[in-house]
Amino acid sequence: MADENTHKITYREALKQAHWEALRDDDRIFLMGEDVGRYGGAFAVSKGLLKEFGPERVMDVPLSESGFVGAGIGSAMAGMKPIVEIMTVNFSLLAMDQIINNAATLLHMSGGQVNVPLVIRIGCGIGRQLAAQHSHSWEPFFAHVPGLIVLSVGTHEDARGMLAASLKSPDPVVMLEYTFMLNREGEIPADPFTVDISKAKVRREGRDISLITYGNGVYKCLEAAERLFELGIEVEVLDLRVLRPLDEESILSTVSKTHRAIVVEDAWKSVGIASEVLARISEKAFFELDAPLYRLCGAEVPIPYPKHLEDASVPQSEDIIVAIKKILGHDSV
Amino acid sequence: MIAFKMPSLGADMEAGTLVEWRKSVGDQISHGDIIADVETQKGLIEIEVFDDGIIERFMVEEGAKVPVGTVLAMIRPVDEKPQKLEVSEAPEEIKKKSVEQAHQTNAKRLKITPLAKRMATDNKIDYGKLKGTGPEGEIVKKDVEKAIEELAVSGTSPKVSPIEKQPIPSSTSQINVPSQKSIRAAVAAAMTKSKREIPHYYLEKKIDMSKSLDWLRKTNEDRPIQKRLLSAVLFIKAVASSIEEVPEINGVWEDELVIKNEINIGFVLSLRGGGIIVPAIKNADLKSIDEIMEWLNEIIPRARAFKLRSSDLSEATITLTSIGEGGADKVFGIIYPPQIAIIGLGNVIDEAIVENGMVGIRPVLHATLAGDHRATDGLVGSRFLDALNKNLQNPEEL
Amino acid sequence: MKEAEILNIVYGLLKQVAPETDPSSLTLDENIRESLNIDSYDALQFIVALSEKLGVDIPEKDYGQTGNLKNLLIYLEKRLH
Numbered sequence: 001m002a003d004e005n006t007h008k009i010t011y012r013e014a015l016k017q018a019h020w021e022a023l024r025d026d027d028r029i030f031l032m033g034e035d036v037g038r039y040g041g042a043f044a045v046s047k048g049l050l051k052e053f054g055p056e057r058v059m060d061v062p063l064s065e066s067g068f069v070g071a072g073i074g075s076a077m078a079g080m081k082p083i084v085e086i087m088t089v090n091f092s093l094l095a096m097d098q099i100i101n102n103a104a105t106l107l108h109m110s111g112g113q114v115n116v117p118l119v120i121r122i123g124c125g126i127g128r129q130l131a132a133q134h135s136h137s138w139e140p141f142f143a144h145v146p147g148l149i150v151l152s153v154g155t156h157e158d159a160r161g162m163l164a165a166s167l168k169s170p171d172p173v174v175m176l177e178y179t180f181m182l183n184r185e186g187e188i189p190a191d192p193f194t195v196d197i198s199k200a201k202v203r204r205e206g207r208d209i210s211l212i213t214y215g216n217g218v219y220k221c222l223e224a225a226e227r228l229f230e231l232g233i234e235v236e237v238l239d240l241r242v243l244r245p246l247d248e249e250s251i252l253s254t255v256s257k258t259h260r261a262i263v264v265e266d267a268w269k270s271v272g273i274a275s276e277v278l279a280r281i282s283e284k285a286f287f288e289l290d291a292p293l294y295r296l297c298g299a300e301v302p303i304p305y306p307k308h309l310e311d312a313s314v315p316q317s318e319d320i321i322v323a324i325k326k327i328l329g330h331d332s333v
Numbered sequence: 001m002i003a004f005k006m007p008s009l010g011a012d013m014e015a016g017t018l019v020e021w022r023k024s025v026g027d028q029i030s031h032g033d034i035i036a037d038v039e040t041q042k043g044l045i046e047i048e049v050f051d052d053g054i055i056e057r058f059m060v061e062e063g064a065k066v067p068v069g070t071v072l073a074m075i076r077p078v079d080e081k082p083q084k085l086e087v088s089e090a091p092e093e094i095k096k097k098s099v100e101q102a103h104q105t106n107a108k109r110l111k112i113t114p115l116a117k118r119m120a121t122d123n124k125i126d127y128g129k130l131k132g133t134g135p136e137g138e139i140v141k142k143d144v145e146k147a148i149e150e151l152a153v154s155g156t157s158p159k160v161s162p163i164e165k166q167p168i169p170s171s172t173s174q175i176n177v178p179s180q181k182s183i184r185a186a187v188a189a190a191m192t193k194s195k196r197e198i199p200h201y202y203l204e205k206k207i208d209m210s211k212s213l214d215w216l217r218k219t220n221e222d223r224p225i226q227k228r229l230l231s232a233v234l235f236i237k238a239v240a241s242s243i244e245e246v247p248e249i250n251g252v253w254e255d256e257l258v259i260k261n262e263i264n265i266g267f268v269l270s271l272r273g274g275g276i277i278v279p280a281i282k283n284a285d286l287k288s289i290d291e292i293m294e295w296l297n298e299i300i301p302r303a304r305a306f307k308l309r310s311s312d313l314s315e316a317t318i319t320l321t322s323i324g325e326g327g328a329d330k331v332f333g334i335i336y337p338p339q340i341a342i343i344g345l346g347n348v349i350d351e352a353i354v355e356n357g358m359v360g361i362r363p364v365l366h367a368t369l370a371g372d373h374r375a376t377d378g379l380v381g382s383r384f385l386d387a388l389n390k391n392l393q394n395p396e397e398l
Numbered sequence: 001m002k003e004a005e006i007l008n009i010v011y012g013l014l015k016q017v018a019p020e021t022d023p024s025s026l027t028l029d030e031n032i033r034e035s036l037n038i039d040s041y042d043a044l045q046f047i048v049a050l051s052e053k054l055g056v057d058i059p060e061k062d063y064g065q066t067g068n069l070k071n072l073l074i075y076l077e078k079r080l081h
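Just so you know, the sequences run in chain order A, B and C.
In this text, residue positions in the first sequence follow this note's numbering: the first is 1, and each later residue adds one.
In this text, residue positions in the second sequence follow this note's numbering: the first is 1, and each later residue adds one.
In this text, residue positions in the third sequence follow this note's numbering: the first is 1, and each later residue adds one.
Just chain A, same shape as in the assembly (with noise of 0.2 Å):
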């Protein structure tokens, strides 16, 4: 894959990169979190920050997620661009009132006169053995309120790029990180580029089966697809990136091509994206259907300590590779 034209980079620096340039390009905007500052961030992505930006800038917050996310708020309001950064989605739901109550709903409620551009950055997911007090996706619940957008930081590309296009949005941004992917080795093209926030990717193109997926999906599918493709499958890979607004059109036209979907999410399988993606398809490409849909999703349990258990409360590409065989058919392809 490595070519002139892009660069290698770990997911961890793609983020602090994209930091450092909005810090430096923008004098509104500015970090704030738990650790943030003297320790450079509780997994080190705002490393080095502090001492080029300073205190004003990229600022420690006491250990309370309400109070520092509504703070954020408050600045939003005031014309600040705020980066607020929580370190892991289990700590979120401490602040769950100030972004569901007032970021997410200010618009609604000031009839139009108030609206919030702030970034919310969370640590998401899996980790390695964090267990269920750090590892949990909950990336529905964000999903699931009208007045955010959601992202689900699953690539490099987007580590790099979603930061600067979340900080041109007029309206409160969610962007859930993948702790699991920091040290991660990923390309990203060398040029500078945009990132359009509005829109799901096609990550690899292929026309016998949709694999549709998002955060820590995104690289497992592709890696499926890669060993399917060595068996003469092709698989298409759709990385949603926004979890809401949802892109529809991108859903229903992967699936108008390949006419076979799955969804692959860490998330709990009850009531999460894999559903509502589904749900989409059934009703607006039902005729277009050739297989029944199908969810791989996370088990739905805490995630446990033990490695093994760990690595089994998640779809592994392993389980990607046996369903898609499965709906294909063993002999049939």
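Think of the hints as simulated: they come from the structure by calculation, not from any bench.
Using 20 Å as the maximum straight-line C-alpha spacing, the simulated SDA-like pairs for lysine to any residue come out as follows: (1) Lys53/C - Thr66/C; (2) Lys15/C - Pro301/B; (3) Lys227/B - Gly55/C; (4) Lys307/B - Gln45/C; (5) Lys117/B - Leu252/A; (6) Lys111/B - Tyr294/A; (7) Lys142/B - Leu293/A; (8) Lys227/B - Tyr63/C; (9) Lys141/B - Glu234/A; (10) Lys142/B - Ser256/A; (11) Lys325/A - Glu234/A; (12) Lys325/A - Thr133/B; (13) Lys141/B - Phe286/A; (14) Lys141/B - Tyr294/A.
Starting from the structure of chain A, add chains B and C where the hints point.
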């Protein structure tokens, strides 16, 4: 061929149950004939047909509940040639046959994906004859593609398999009196729709009833008891005459005001035990006082026994609600969609009235009008109430 | 005709007009229309039926004397004899 459909008997009706066909396939029918009984929230309604012809086919079986607009029967106009199919089939046979079919199809249910089925239908492939190669033996896109290819090669003409008949659950519903609950639900649906969608404006006018009541008293003195008039008759006639003077108040809202030429007044009847029902008196402007009284004598017992016909309940262009003796002094109505006005008449009471600088005691009627402000403005409503007042001052001319 | 017979006829006719009520539970002074929830149309039907059954004419100006059982019985008694 004419498609005879489940009629809408008011804004609140979404579906009806076909309880009984009153005619048979092959029967000659003409305008006004009662063709079926339909169970609605308002009870068992006799459904009339508005065309002349011969019943070619029933599309819905007895016992089936279908939405408004569903084709119930196909009627062949008198001058059209008969179709050879199914004409002689009696409904009883249809029922048996479709039940049998349902059992058969259940026994060996065909598995085909939605895409494959669509492709097969588009290409006129009889997919019942295809062999499925999907993981569960279902017919998939590939199987249909193969069949299309083979067809192209062999050149045999494609055969369309008949669409499977859906078995309609036949319930033996003998209830012809609607429950309190269903009447309540019907009223609730219509009134909620109205208050949600219609911006009402309200007007009120006091009407001196001395002359009208005198006239009524004198008229009734000369009449045998069976022929005596109720004040409601006078009200209906006065409303009809006032509409002739202010026709803009008589119509329906269909994204714009549609003024109706016919004056069909929906008259609110309260049911003993709660709920209302609103039969319409057709062409009230063309009917005499006595004809209106006859209509009341005919319709009220039928309405209370829930034996109305489809034509009794449809096509009202305005509604009149009259509280009657001993009730409230004023009533502010809620418009029955899609109409654009409702007239409310209260209890006639003695009140002090100032006339020519003198105070006198007169029987007074408080007449109100609720209008749809999308369709008309207060001025139109006001002109209507003025006309009503004028007409009730000259009862002998009605 | 005895008062009890007339009363029975009145009960029967009221029952026809307002089938779900119990007219025999009316007291002599009670307002019949109010208590049995009878509207003007039903009231007229009752008077018509009463007049046909008993063979007496009840002019409209006398309707006021038919409001409760006591007055109605006195009135009918008078008209019948």
